[in-house]
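Construct all of the structure, not just a fragment, from the sequences and the given hints.
All the letters of the sequence shown, read from the start, carry residue numbers 199 to 351 under the numbering used here.
Please note that a few of the clues may not be correct.
[As the list claims (entries may be wrong)] In silico lysine to aspartate or glutamate, EDC-like type, Cα no more than 20 Å apart, as pairs:
id : residue 1 : residue 2
1  : K279      : E226
2  : K305      : E335
3  : K279      : D217
4  : K279      : E336
5  : K305      : E336
6  : K279      : D248
7  : K305      : D248
8  : K305      : D209
9  : K279      : E223
[As the list claims (entries may be wrong)] For each label pair, taking beta carbons as the anchor points, the in silico distance ranges come out as:
id : residue 1 : residue 2 : range
10 : V297      : D209      : 15 to 25 Å
11 : A251      : G310      : 12 to 22 Å
12 : D299      : R222      : 43 to 53 Å
13 : D299      : A251      : 31 to 41 Å
It is worth saying that the hints were derived from the structure and are not from the lab.
Idealized CB from N, CA, C, for every residue including glycine.
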Amino acid sequence: MVERMWHQSSDVSLVIRTDFAHSREWIEIQEAIVEPQTDGGFTAFVTFVDDHAYDGTTPAQLLETVPADVHHAVAFLVDAKALTHSDRPILAVNLYDYVEDLEDPGKGPQYGATFRVVPSEMWSVQNNLTISNMDWEEFAGNVDADGVFRGFE
199 MVERMWHQSS DVSLVIRTDF AHSREWIEIQ EAIVEPQTDG GFTAFVTFVD DHAYDGTTPA
259 QLLETVPADV HHAVAFLVDA KALTHSDRPI LAVNLYDYVE DLEDPGKGPQ YGATFRVVPS
319 EMWSVQNNLT ISNMDWEEFA GNVDADGVFR GFE
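The following block contains the structure:
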């Protein structure tokens, strides 16, 4: 099942539960992620992964599970901090950092980099990174002092 979850459209990002101590909060964060956030009805295109195999998974461990033939731009980890902090800051993990002339051009220096994002801004991160409309650095460079992306000012 772990391998199979990656073999879906790369237009859909994975939201992976890594904390199983906060069930009510997990349901609430899923609802917040899929709620349309703009007048245009923009929402994040995601699949939720609720599998105990990912309990405690770190970004580095997640990268080890990504098959070579999969080309997702970003994945999101819903860890204890995301479920217990009042802002629900979800951990975004960069799965594609294009650098020309690398043996694997998708694994540049920002591959595996992270920042946190509030659920109301996941649509922006997910939509724009997935279609390469914006780069990782544009979001990571606009996080607040606490490392959380809350939108562009």
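Hints and how they fare:
no. : hint                       : in the structure
1   : K279 with E226             : holds, 14 Å
2   : K305 with E335             : holds, 15 Å
3   : K279 with D217             : holds, 9 Å
4   : K279 with E336             : violated, 23 Å
5   : K305 with E336             : holds, 18 Å
6   : K279 with D248             : holds, 17 Å
7   : K305 with D248             : violated, 27 Å
8   : K305 with D209             : holds, 19 Å
9   : K279 with E223             : holds, 11 Å
10  : V297 with D209: 15 to 25 Å : holds, 22 Å
11  : A251 with G310: 12 to 22 Å : holds, 20 Å
12  : D299 with R222: 43 to 53 Å : holds, 48 Å
13  : D299 with A251: 31 to 41 Å : holds, 36 Å
In summary, the structure is inconsistent with hints 4 and 7 from the numbered list given earlier, while agreeing with the others.
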